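Chains as they are written, first to last, in my numbering: chain A, 1 to 285; chain B, 1 to 274.
Think of the hints as simulated: they come from the structure by calculation, not from any bench.
These numbers were taken from a predicted model, which means no experiment stands behind them.
Any given hint might turn out to be false.
Non-contacting residues of chain A with respect to chain B, defined by C-beta distances greater than 10 Å in every case (computed) [claimed, not checked]: (1) Leu43; (2) Met56; (3) Leu143; (4) Glu190; (5) Leu269.
Once the Cα atoms are required to be at most 27 Å apart in a straight line, the calculated DSS-like pairs of lysine-lysine come out as [what the hints assert, rightly or not]: (6) Lys189(A) <-> Lys177(A); (7) Lys189(A) <-> Lys116(A); (8) Lys116(A) <-> Lys177(A); (9) Lys59(B) <-> Lys177(A); (10) Lys28(B) <-> Lys116(A); (11) Lys232(B) <-> Lys59(B).
Here are the simulated distance ranges between beta carbons [as the list claims (entries may be wrong)]: (12) Asn174(B) <-> Met34(A): 48 to 56 Å; (13) Ala93(B) <-> Ser68(A): 30 to 38 Å; (14) Gly146(A) <-> Tyr187(B): 52 to 60 Å; (15) Met34(A) <-> Glu224(B): 25 to 33 Å; (16) Leu179(B) <-> Asp176(A): 18 to 26 Å.
The beta carbon of each residue, even a glycine, is placed where N, CA and C say it ideally should be.
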Amino acid sequence: MSELQATDGTIPATAPADDFAPPKNLWRQLEPTMLGVGSMVVLLVVWELFPLLVPMKPGTKLFFTTPSQIAGTLWTMFATGSIWRPLGVSATGFAVGLVFAIVVALPLGVVLGRSKSANAMIDPFITAFNATPRLVFLPLLILWFGLGMWSKVVIVFIGALFPLLINTYEGVRNADKVLINVVRSFGAKEWDIARLVVLPNSLPYIVAGLRLAIGRAVLGVVVAEFFGSEDGLGVVMVRASGSYQVDVVFSGLIVFAALSLIMTGLVQLLEIRLSRWRPQHVSEF
Amino acid sequence: MTDETLPRTAQPIEEAVPRQAFIERYRKPLLGVLAVLLFFIAWQAVFLVVPLNTLFLSKPTLIMLGLWDLIVTGELFHDLVVSGQPFVYGFTAAVVVGVTIGIVMGWRARVGYALDPLMTVFYASPLVALAPLVVVFFGVGVSGKAIIIFTLAVFPFIFNAAVGVRAVDRLLINVVRSLGGTEKDLYFKLIVPSVLPYIVAGARIAVGRALVGVLVGEFFAASEGIGYAIAKFGDLFALDKMFACIFVIMVIALILTEGIRWAERAAFPWRVGQ
């Protein structure tokens, strides 16, 4: 399971330090930000002007929207408050599923990290479920739990469970053996080892797992609401796309993306805060 | 499934120890196989005690029969081919486009500055949400599904290729330049080979996302394909065949991800453990 470690798709690179960097002037410092913001502005402007520059058939126009329209729709949704109810429904499913995942993943991860036999027995299941897109279970879950909140909760749960479980396991396994032996020499029980050494040590791993879990949970909410739900922001988006309200679809997408980014960012702050006292190599994980 | 053979390559140290008892040496895979067997036996055995409602659950023997039925009638094979076609198109396009963009982003610092935030935003947003639009616009055929798969699978390639290029040894770059290598030589003799491990690692993540793309496309609107089959058997309450299809997808997903993992270990052994 060691290679199973969940990552967010990239390999952390240790970029070699550039010793020969020229002295920094103002432009050099601002350049990354300017270019980053600039490319986004260019994209938005081109998108906005696209219908004016390129003639489109009326049929194609149905599928097209501009950033200003999306912004307007988003504004109306918030101003009239019509977004809050579906968003609340989605958020409830997200929160319940995530909490369940945390409650199950942490103890299970600690057990797997401490016991080799338990690890060997559960590992095939984890590998199989982690490799399988959880969407595959959705029709089954709808059959079992109906179209309500619970099939959504289970999809969120399955999605969020594995990053948390795998990272907890990794954190526990990487706990300092010397510290464990010291605590044990002083007469600690397995529970004391978990409380005093293992858990504090695996905290940064767990928080990193949480960051990945949030992204997957948001995806789970979207997907579950697309195919098997009666209420929620995802349902609003599907209905809108059925009636060619492309701006509503994009508004929903932006809300989901913004929430996902904000939550991930907050967890990242927590990660930095929690690993401030740690030696560098751990906080870089 | 190659569970029994994989750990041997993963733990060369244990194999180096001679005359270890058979059970001791293969303890982990043995326990794993045992657990899986126990799981299925327990699943089957439960229904000796509890009455089985086939509209709600199924049991392994029935699932095997359902799977056999799907294989014999050729339905399964047909659905897999239908789903496999857009998968191959979308994934190939994702590799080509993603790696190209990623390498340029990593190599040209300014391109990186310009595209990094944009790509991060795209990667973070649940792009699956655009699937209904794609289906409405491009239809339910091969092209619509291939586009969904491409959109989901392209980002791991972009990010991993970019990171891989940034990790290229500066010393080697200088060597190529000092020996009179052109920009083209740099790309093909240095950057591409050293980025390959990163791309393969990206492919492992992209495969999972591409499978999601197949399912999303087919759940929405389709008349054939493995995802459609699962949804259809669910609607028909044919749980044995539904479970059979789910297991087929699980096995395919396992083979793809574990296969890439195996290829990673075989091709780039120096990266194991990173």
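For each hint, the structure was consulted:
1. Leu43: violated (7 Å)
2. Met56: holds (13 Å)
3. Leu143: Nearest chain B Cβ is 6 Å from leucine 143(A), so the label is violated.
4. Glu190: holds (21 Å)
5. Leu269: Holds: least Cβ distance 16 Å, greater than 10 Å.
6. Lys189(A) <-> Lys177(A): holds (15 Å)
7. Lys189(A) <-> Lys116(A): holds (18 Å)
8. Lys116(A) <-> Lys177(A): holds (15 Å)
9. Lys59(B) <-> Lys177(A): violated (44 Å)
10. Lys28(B) <-> Lys116(A): holds (8 Å)
11. Lys232(B) <-> Lys59(B): This hinted pair holds, its Cα atoms lying about 19 Å apart.
12. Asn174(B) <-> Met34(A): 48 to 56 Å: Taking Cβ atoms as reference, asparagine 174(B) and methionine 34(A) lie about 29 Å apart, which means the hint is violated.
13. Ala93(B) <-> Ser68(A): 30 to 38 Å: holds (31 Å)
14. Gly146(A) <-> Tyr187(B): 52 to 60 Å: holds (55 Å)
15. Met34(A) <-> Glu224(B): 25 to 33 Å: This hint is violated: roughly 50 Å between Cβ atoms.
16. Leu179(B) <-> Asp176(A): 18 to 26 Å: violated (47 Å)
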